[in-house]
Every structure is written in structure tokens, then in C-alpha cells.
Amino acid sequence: GAVVSQHPSRVICKSGTSVKIECRSLDFQATTMFWYRQFPKQSLMLMATSNEGSKATYEQGVEKDKFLINHASLTLSTLTVTSAHPEDSSFYICSARGEIGNTIYFGEGSWLTVV
Amino acid sequence: GENVEQHPSTLSVQEGDSAVIKCTYSDSASNYFPWYKQELGKGPQLIIDIRSNVGEKKDQRIAVTLNKTAKHFSLHITETQPEDSAVYFCAATLGGNQFYFGTGTSLTVIP
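Read top to bottom, the protein sequences are chains S and G.
Under my numbering, the first residue of the first sequence is numbered 1, with each subsequent residue one higher.
Under my numbering, the first residue of the second sequence is numbered 1, with each subsequent residue one higher.
Please keep in mind that the hints were generated in silico from the structure rather than gathered at the bench.
All figures in this text were calculated on a predicted structure; none of them were measured in a lab.
A hint or two may mislead.
Stated by the list, open to error - Only pairs whose alpha carbons sit at most 27 Å apart, straight line, appear in this in silico DSS-like list of lysine-lysine:
#1 S:K41 - S:K14
#2 G:K42 - G:K57
#3 G:K22 - S:K41
#4 S:K66 - G:K42
#5 S:K41 - G:K42
#6 G:K37 - G:K57
#7 G:K58 - G:K22
#8 G:K42 - S:K64
#9 S:K20 - S:K41
#10 S:K41 - G:K71
#11 G:K22 - G:K68
#12 S:K41 - G:K37
#13 S:K20 - G:K42
Said to hold, decoys possible - Incomplete in silico selection of chain G near chain S, CB under 8 Å:
#14 K42
#15 P44
#16 L46
#17 G96
#18 F99
Claimed, not checked - Under 7 Å between C-beta atoms, here's a sample of chain S residues computed to sit facing chain G:
#19 S43
#20 L44
#21 I93
#22 R97
#23 F106
#24 G107
#25 E108
#26 G109
Heads up, the beta-carbon is just placed ideally off N, CA and C, and yes, glycines get one too.
Isolated chain S, as found in the complex (with noise of 0.2 Å):
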């Protein structure tokens, strides 16, 4: 099946700065993107849908000057928290829509911690 490759898998990083996680679809092309947080045992929740070309639109609740997303090429998004504060701390997960149909791949994830 089609890959998606997130980057870093674990990052830590000090209150107050800012991160960024990398999602790539390696042998697709996507234009449409997803990005989730995903809190211990719980389901994903959608933060945001990024599309190439365009801004990205968040889901109620999710501060889109905190949550920043750049969806640049068709292969390519980026999620940064700005100004990290330990409740940012959680497991981001993208996903990205395949070319044929409406599947959806995930990549890895990426655990944030700050502290």
C-alpha cells in the first residue's frame, strides 16, 4: 500500500519554543492531507485538513495561529506548534488521501513532549 512517512518520530522540546512534524507521502501523490492529535487510549481527533495549494482549515476548537500547517507541495505538509506549552504534549498523527478513491494512509506518528 501507499506510505506515508512522518518526521521525527519523538521529539522534546522546552516551553515557549516552537516544533515542527513533517508529513510525507512517499510514492503518491496527496493532496489532501490530515492532521490529528490522538491523546493516551483515546480516538483521533481531527485538527485540521490540509490541501495543497490552499490555507488549511481547523476544525472548531484548534487555534489555527497555534497550530500551523503549510501544505506546500503534493507531497509534503508540516504541522508546527508555536510557543509549546506542556499541555501541547500528545501524539500527532497525519494522514494523507490516496490518488485513487477516498483512502486515507497514515503515517507513524509523532510524539511531542514539552517540558
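Given the coordinates of chain S, work out where chain G should sit on it, guided by the hints.
Using the frame of chain S, we list chain G on its own:
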């Protein structure tokens, strides 16, 4: 919007037995229903999916059934193995622009 409910939240089975996870959805227009397996600390992996024009789909030990009238779909795993232990999520979507996920089922296969 769509509302997806998933049951049970936890499931334990003996190795070799079958496991069944059920999901219901509210929007009759939803037309694509994937199932994902998530192992601890990893991203979800697509294991099987079904579209609204099909009632059943099978891939080796895994099968999915869809009842459009009742608006529910189920994941069936036969001859379970310890490596099947994971969290399973169902999802529903119309058009692929937004996926609505169930709350997950933690499956434990006891050797």
C-alpha cells in the same frame, strides 16, 4: 454531521477464537468504511475497507460486512493470533473529505 459509534471498547478472546467489532453510523449518505489497526505508539494502519456498493469483503482472516439499511458495519477476525492484539478503529466518510472515527476497540488475544 456523521456520528460513528463503536462497540465493544475492550475485547478479550482466546487465541484461535473469532473476534467481532461493530460500528454504527448515522449519515445514510456515507459510502466508504475503512478499518484501521493501531499498535501501541504507532500510527493506524489500514487493514480492510468496504464501499457502500458491497455487502461483504474478505481478506484472509479478516472480513468486513456492511448493512446499509441498518447503518452498521462489522469487522470479523477469525483464528485470532496474539499479534492481532491492538486497538482497532472504524471510520465512515462521504467523499473522503472528512473521516469520522469510532472510539476504538482494544483487542487482546490471550495465548
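Each hint, compared with the structure:
As the CA atoms of S:K41 and S:K14 are separated by approximately 25 Å, the hinted pair is consistent with the 27 Å bound. Taking the CA atoms of G:K42 and G:K57, the gap is near 26 Å; set against the 27 Å cutoff, the hint holds. A distance of roughly 18 Å separates the Cα atoms of G:K22 and S:K41; the hinted pair therefore holds under the 27 Å criterion. Of the pairs offered as hints, the one joining S:K66 and G:K42 holds, with about 24 Å between alpha carbons and a cut-off of 27 Å not exceeded.
Pair hint S:K41 plus G:K42 holds up; C-alpha atoms about 13 Å apart against a cutoff of 27 Å. Restraint check: the Cα-Cα separation between G:K37 and G:K57 comes to about 17 Å, which is no more than 27 Å; the hinted pair holds. The hinted pair formed by G:K58 and G:K22 meets the criterion: a straight-line CA distance of about 16 Å does not exceed 27 Å. This hinted pair checks out: G:K42 and S:K64 have alpha carbons roughly 25 Å apart, not beyond 27 Å.
Our distance criterion of 27 Å between C-alpha atoms is met by S:K20 and S:K41, whose separation comes to about 24 Å. With a C-alpha separation of about 26 Å, the suggested pairing of S:K41 with G:K71 holds against the 27 Å cut-off. The straight-line distance between the Cα atoms of G:K22 and G:K68 is roughly 13 Å, inside the 27 Å bound, and the hint therefore holds. In summary, the hint linking S:K41 to G:K37 is supported, as the alpha carbons are separated by about 14 Å, within the 27 Å threshold.
With a C-alpha separation of about 19 Å, the suggested pairing of S:K20 with G:K42 holds against the 27 Å cut-off. Checking G:K42 against chain S by beta carbon gives a least distance of about 6 Å; that is within 8 Å, so the hint holds. For G:P44, the suggested interface contact is upheld, since its CB lies about 5 Å from the closest CB of chain S, less than 8 Å. The beta carbon of G:L46 comes within 6 Å of a beta carbon in chain S, closer than 8 Å, and the hint placing it at the interface holds.
Satisfaction of the interface hint for G:G96 is found here, the shortest Cβ-Cβ separation to chain S being roughly 3 Å, below the 8 Å cut-off. Interface hint at G:F99: satisfied, since its Cβ lies 6 Å from the closest Cβ of chain S, which is below the 8 Å cut-off. For S:S43, the suggested interface contact is upheld, since its CB lies about 5 Å from the closest CB of chain G, less than 7 Å. With 7 Å as the threshold, the beta carbon of S:L44 comes within range of chain G, its nearest partner Cβ sitting at about 5 Å, so the hint holds.
Proximity of S:I93 to chain G holds as hinted, the smallest CB-CB distance being about 5 Å (cut-off 7 Å). Against a cut-off of 7 Å between C-beta atoms, the interface hint on S:R97 holds, since the closest Cβ of chain G lies about 6 Å away. Given the 7 Å rule on beta carbons, the hint for S:F106 holds: about 4 Å separates it from the nearest Cβ of chain G. Of the supplied interface hints, the one on S:G107 holds, with its beta-carbon coming within about 5 Å of a beta-carbon of chain G, less than 7 Å.
Proximity of S:E108 to chain G holds as hinted, the smallest CB-CB distance being about 5 Å (cut-off 7 Å). The beta carbon of S:G109 comes within 4 Å of a beta carbon in chain G, closer than 7 Å, and the hint placing it at the interface holds.
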